[in-house]
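*Asks:* These protein sequence lines map, in sequence, to chains A and B. The first sequence begins at 2 in the numbering used here and counts up one residue at a time. The second sequence begins at 2 in the numbering used here and counts up one residue at a time.
Mixed in with the good hints there might be a few duds.
EDC-like cross-link-like pairs, simulated, lysine to aspartate or glutamate; straight-line CA separation at most 20 Å [stated by the list, open to error]:
#1 A:Lys382 x B:Glu21
#2 A:Lys11 x B:Glu93
#3 B:Lys64 x B:Asp15
#4 A:Lys248 x B:Glu379
#5 A:Lys406 x A:Asp423
#6 A:Lys30 x B:Glu32
#7 A:Lys30 x B:Asp370
#8 A:Lys109 x B:Asp71
#9 B:Lys64 x B:Asp82
#10 B:Lys406 x B:Glu420
#11 A:Lys109 x B:Asp15
#12 B:Lys11 x A:Glu294
#13 A:Lys248 x B:Glu123
#14 A:Lys30 x B:Glu21
#15 B:Lys109 x A:Asp82
#16 B:Lys109 x A:Glu21
#17 B:Lys11 x A:Glu52
#18 B:Lys248 x A:Glu379
#19 B:Lys382 x A:Asp135
#20 B:Lys30 x A:Glu32
#21 A:Lys64 x B:Glu74
#22 B:Lys30 x A:Asp180
#23 B:Lys222 x B:Asp180
#24 B:Lys248 x A:Glu354
#25 A:Lys11 x B:Asp224
#26 B:Lys109 x A:Asp71
#27 A:Lys191 x A:Glu354
#28 A:Lys57 x A:Glu294
#29 A:Lys109 x B:Asp82
#30 A:Lys314 x B:Glu74
Interface residues of chain A toward chain B, partial, derived using beta-carbon atoms under 10 Å [to be verified]:
#31 Ala20
#32 Ile43
#33 Leu48
#34 Val77
#35 Glu93
#36 Arg118
#37 Gly119
#38 Arg122
#39 Glu256
#40 Asn265
Bear in mind the hints are in silico, worked out from the structure with no lab data behind them. Since the model is a prediction, treat every value here as computed from it, not as a measurement. Here a beta-carbon is modelled for each residue, glycine too, at the ideal position from N, C-alpha and C.
Number of protein chains: 2
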Amino acid sequence: MPTITPRVLKGFRDFLPDAEMARASLIKKLEQVFASFGFVPIDTPVLEYAEILLGKGGGETDKQVYRFVDHGERDVAMRFDLTVPFARFMAEHVDELYLPFRRYHIAKVWRGENTQRGRYREFMQCDFDIVGTDSASADADIVLTAAQAMTRLHVGDFSLRVNHRALFNRFLAHIEASDKSVDILRVVDKLEKIGQQATADALSSLVGSPLARDILEFIRKEDSFEATLDKMRSFCAKNDQAADIAKGRMLRIMECVSAAGFENRMVLDPSITRGLDYYTGMVLETTLAAMPEIGSVCSGGRYDELASLYTDKKLPGVGASVGLDRLMAALEAIGKTLVSGESTQILIINQEETQLPEMHRLANLLRADGLAVEVFPEPKKVVAQYTYAERKHIPLALFVGNAAKPYTLRVLGRRENIEIADFSAIGDAARKELNGSR
Amino acid sequence: MPTITPRVLKGFRDFLPDAEMARASLIKKLEQVFASFGFVPIDTPVLEYAEILLGKGGGETDKQVYRFVDHGERDVAMRFDLTVPFARFMAEHVDELYLPFRRYHIAKVWRGENTQRGRYREFMQCDFDIVGTDSASADADIVLTAAQAMTRLHVGDFSLRVNHRALFNRFLAHIEASDKSVDILRVVDKLEKIGQQATADALSSLVGSPLARDILEFIRKEDSFEATLDKMRSFCAKNDQAADIAKGRMLRIMECVSAAGFENRMVLDPSITRGLDYYTGMVLETTLAAMPEIGSVCSGGRYDELASLYTDKKLPGVGASVGLDRLMAALEAIGKTLVSGESTQILIINQEETQLPEMHRLANLLRADGLAVEVFPEPKKVVAQYTYAERKHIPLALFVGNAAKPYTLRVLGRRENIEIADFSAIGDAARKELNGSR
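Whole structure, please, built from the sequences with the hints as guidance.
*Replies:* Okay, here's the thing in structure tokens:
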């Protein structure tokens with residue numbers, strides 16, 4: 002008698018084969034793009050010392066972190082992102098590695114968030130970073146990698162919205178509003194969510210309405226990258242060298258991205274700030290034209306110090322993170338199913354138990370020919386075996402007959418039989434059907 | 002000032018790029034073999050209700066399980082294997098799936114084991130099972146999948162040692178030693194570790210020396226699969242139908258495996274019992290000829306009831322688990338490094354910052370041509386860029402020159418330069434070198 006009800010924890014999910022294959026297919030494509038840019042994979046433990054993940058004090062995230070005391074009385078926690086473990090990783094291994102270090106890391110993280118907002122407590126992150134260089138080339142590479150990833154995933158029209166945190170900061174210094182920069186950045190970051198008027202009101206109550214007007218004018222896009230950049234620079238002090246450097250950096254990034262053919266994808270959007278204080282240079286967000294409402298599907302930016310909590314070594318870097326769950330949902334919504342769900346290509350129909358060794362012999366030969374083949378293990382009614390094939394999205398069935406009618410390949414979708422006299426012809430006949438059906 | 006020492010928990014590991022790429026390469030090959038047999042991937046949560054993972058009571062494994070109370074006062078635990086979550090998964094989703102269901106699952110599990118025995122507390126398991134059928138065909142498929150996996154991984158000579166638990170049990174019933182079967186199985190299972198004499202002694206003290214001699218004779222291999230099987234059958238009662246059925250099953254499995262060309266790999270070894278009570282039919286172990294001392298790298302067997310804790314549905318199945326860490330260590334020891342560690346194929350040497358857009362343009366074109374390319378982000382000394390390439394196992398460097406000498410492709414290993422006049426020739430020249438160097 003079963004005594005335990007099978008169920009998963011709230012906010013946690015099983016992945017059935019079709020969903021898991023779709024996720025694996027998405028990840029594989031991202032990995033191919035990362036590899037083509039020279040990013041290499043790493044892995045870190047799921048459990049770490051709580052002190053490592055949360056810092057000595059522990060902040061706001063604390064409440065969401067799965068944290069406990071282990072058998073050895075250690076205060077441990079499950080990772081809640083891939084950035085903190087990467088910082089610890091770099092501090093620990095920088096001497097075994099080489100700089101600049103380009104890594105990607107695709108792995109699960111855990112946050113005990115409120116699931117009512119449609120969030121999961123276990124989800125995958127996908128981070129890619131270039132650490133150990135403060136250069137326009139690395140900034141451009143992150144933009145280009147994001148652009149190639151979107152192209153590879155056939156998301157349709159998309160835009161990479163970039164900005165430079167220093168230009169915003171220099172502008173705020175010029176209007177003497179630096180002390181309110183964190184609040185101003187937070188308001189501006191929500192512009193698209195709350196709208197122009199609410200943003201104006203929120204800014205006015207922070208800095209008064211004349212400055213609020215300046216800020217709104219500053220964050221408005223002009224007709225071209227260069228025009229927007231010139232306007233942003235003009236809102237800073239004339240002799241501001243930091244603003245000159247930031248402007249130069251953005252121009253250089255744009256030149257590299259344009260040279261690589263993605264000039265139409267990159268937009269300078271002064272309203273993009275990425276709420277975190279963490280970023281110090283370029284920031285980026287990626288918006289899908291078909292689904293702007295889901296927000297950015299790939300976001301990141303440049304930071305001065307990756308690992309200052311753990312090491313004296315200066316590790317400037319730039320990186321971004323792909324929102325896998327969000328991207329999967331978006332691809333599904335815009336009808337870009339990632340995978341046919343197809344695994345087995347040929348099901349060998351089991352007509353009688355005595356044929357079993359022969360069926361396994363044929364299956365093995367077809368596998369050697371590059372096909373995915375399975376033998377139905379029991380001589381059930383053929384209709385039951387067809388149902389199985391249909392549920393599993395298997396496109397072809399093979400009947401092993403007798404000397405008069407040796408092999409029949411059935412195209413299950415069309416309910417059409419192809420008689421094949423010679424075994425050696427099965428592979429090509431199957432491939433013809435498989436290629437045609439895609 | 003850094004305040005926290007970067008370190009991982011005892012028994013946990015970082016995977017640096019070379020190790021992670023080797024692991025990913027091993028997993029990819031296994032996935033290809035699984036897919037060729039029609040296995041599909043699934044995923045389950047890392048955290049589950051402790052009751053699900055440990056049963057109502059919780060047994061010996063308890064002490065090793067990472068178990069804690071979460072924010073919602075739930076008694077939760079991190080999975081310690083992939084079998085229990087699979088049982089829960091099948092009980093929960095059997096109506097959404099189809100039977101027989103062939104799945105694989107490659108994922109991390111956690112056990113707070115004593116690390117002094119060289120064990121890790123976080124490690125990967127790789128399980129493949131066929132559930133919902135009690136057939137020789139499915140048993141044979143598990144053996145064949147294991148055999149193909151070993152072949153695909155080029156482990157050298159290997160043997161799949163199989164047995165049938167029922168034959169052993171029927172033999173014990175015949176000699177009236179069934180009540181001591183668990184102890185006897187445990188002793189026999191250690192035969193290779195403790196040797197013939199110690200096994201004889203241990204068995205004698207359990208059942209007396211005449212029966213101990215019978216048991217030792219029973220578990221001795223004969224010259225052929227059939228001879229061993231006949232001997233095993235002859236040690237059971239004459240009219241024992243269960244023994245007849247078990248013998249018939251083993252013969253049928255052997256016929257299917259032989260038909261698929263792996264007859265020389267499968268050995269009937271009556272001393273293989275797999276310590277667990279869980280198995281009820283065929284059991285298997287996989288031994289590498291080059292490293293028998295590391296033990297089985299792929300083990301499993303047939304079970305009657307996968308999920309009886311969670312459902313009334315009868316779910317017989319057969320499956321096996323690949324010991325990934327053990328296999329990686331073995332492959333390394335026998336010199337079968339899994340991956341060259343190569344990621345980037347061409348490093349574009351950064352000679353001057355003004356060339357940056359042109360370098361990104363070329364990198365993008367080479368990527369479109371199927372090559373993995375990166376631009377060194379800063380115009381450092383060429384020797385520093387060479388050192389970087391060497392550390393990262395990058396085989397080729399590309400210098401972008403002037404009209405007189407447009408492109409130089411340098412084969413870093415041979416320190417040889419190839420002058421290339423036309424950009425369109427770079428891809429082929431690079432591929433020629435890359436294929437030659439493998």
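*Asks:* Out of the numbered hints, which ones does the structure contradict?
*Replies:* Result: hints 1, 3, 12, 13, 22, 23, 25, 27, 28, 30, 36, 37, 40 break, sorted rising.
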